[in-house]
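Chemist: Each residue of the sequence shown is one higher than the one before, starting from 2 at the first, in the numbering used here.
Hints may be right or wrong, so weigh each one.
[What the hints assert, rightly or not] Keeping only pairs whose Cα atoms sit at most 27 Å apart, straight-line, the calculated DSS-like set for lysine-lysine is:
no. : residue 1 : residue 2
1   : Lys129    : Lys161
2   : Lys99     : Lys161
3   : Lys99     : Lys129
[Stated by the list, open to error] Simulated restraints on C-beta separations:
no. : residue 1 : residue 2 : range
4   : Leu133    : Ala64     : 32 to 38 Å
5   : Phe130    : His60     : 37 to 43 Å
6   : Gly154    : Ala84     : 39 to 45 Å
7   : Ile131    : Ala56     : 18 to 24 Å
8   : Val115    : Ala145    : 18 to 24 Å
9   : Gly154    : Ser37     : 34 to 40 Å
10  : Glu77     : Ala140    : 24 to 30 Å
11  : Gln75     : Tyr35     : 32 to 38 Å
12  : Tyr35     : Glu142    : 38 to 44 Å
Simulated from the structure, these hints should not be mistaken for lab results.
All C-beta atoms, glycine included, are put in the ideal place defined by N, C-alpha and C.
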Amino acid sequence: MPDGDTTLGAGEPGAEARRAAAPFWRSFDGLSVYESFEHSVILILTGLIIAVVAAATWHLALAVLQLLFAGGLQPENQAVFQAVFGMIFTVIIALEFKHSLLMVLARQESVVRVRSVVLIAMLAMVRKFIILDIGEAEANEVFALSAAILALGIVYWLVKHQDQPGRT
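Produce the complete structure using the sequences and hints provided.
Modeler: Now the structure itself:
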């Protein structure tokens with residue numbers, strides 16, 4: 002290699018791995034020690050959530066295939082549909098959580114925003130409504146869930162309008 006050339010040659014051991022890892026290490030450029038720590042934690046959480054989403058999706062696929070082959074996926078069997086849609090919403094909630102972490106990694110946001118947390122809570126409440134057996138639920142429980150989703154909706158609306166450009 003000529004003097005001053007710091008590029009890795011194709012024949013050097015580990016050159017391809019270092020080239021592939023370069024964007025990862027560049028993502029830490031310009032970050033303070035705490036910001037680097039926060040960035041590392043977000044990366045770890047993102048990896049863990051990816052594992053959870055993959056496992057949940059695999060479990061969901063196996064459950065649906067088992068129901069299909071066993072003939073248990075009947076439209077009149079509401080409990081089975083509630084369970085399947087509950088599992089689907091679990092995956093959606095995890096994906097939304099992962100998306101909010103990826104926004105932090107892309108440095109479009111410095112921390113997980115309240116709007117994302119409220120949206121995830123709303124999705125969890127919707128999941129609860131889907132899996133709730135309305136015939137077995139008590140009126141107080143339904144009222145409490147309804148009040149919670151209404152309160153979350155109001156908070157989401159307020160936070161969404163607060164984040165719009167031109168508002169202080």
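Chemist: Each of the hints needs a verdict: does it hold here or not?
Modeler: How the hints compare with the structure:
no.	hint	verdict
1	Lys129 with Lys161	24 Å, holds
2	Lys99 with Lys161	20 Å, holds
3	Lys99 with Lys129	20 Å, holds
4	Leu133 with Ala64: 32 to 38 Å	19 Å, violated
5	Phe130 with His60: 37 to 43 Å	22 Å, violated
6	Gly154 with Ala84: 39 to 45 Å	26 Å, violated
7	Ile131 with Ala56: 18 to 24 Å	21 Å, holds
8	Val115 with Ala145: 18 to 24 Å	22 Å, holds
9	Gly154 with Ser37: 34 to 40 Å	37 Å, holds
10	Glu77 with Ala140: 24 to 30 Å	26 Å, holds
11	Gln75 with Tyr35: 32 to 38 Å	55 Å, violated
12	Tyr35 with Glu142: 38 to 44 Å	43 Å, holds
Taken one by one, the earlier hints fail for this structure at numbers 4, 5, 6 and 11, listed in ascending order.
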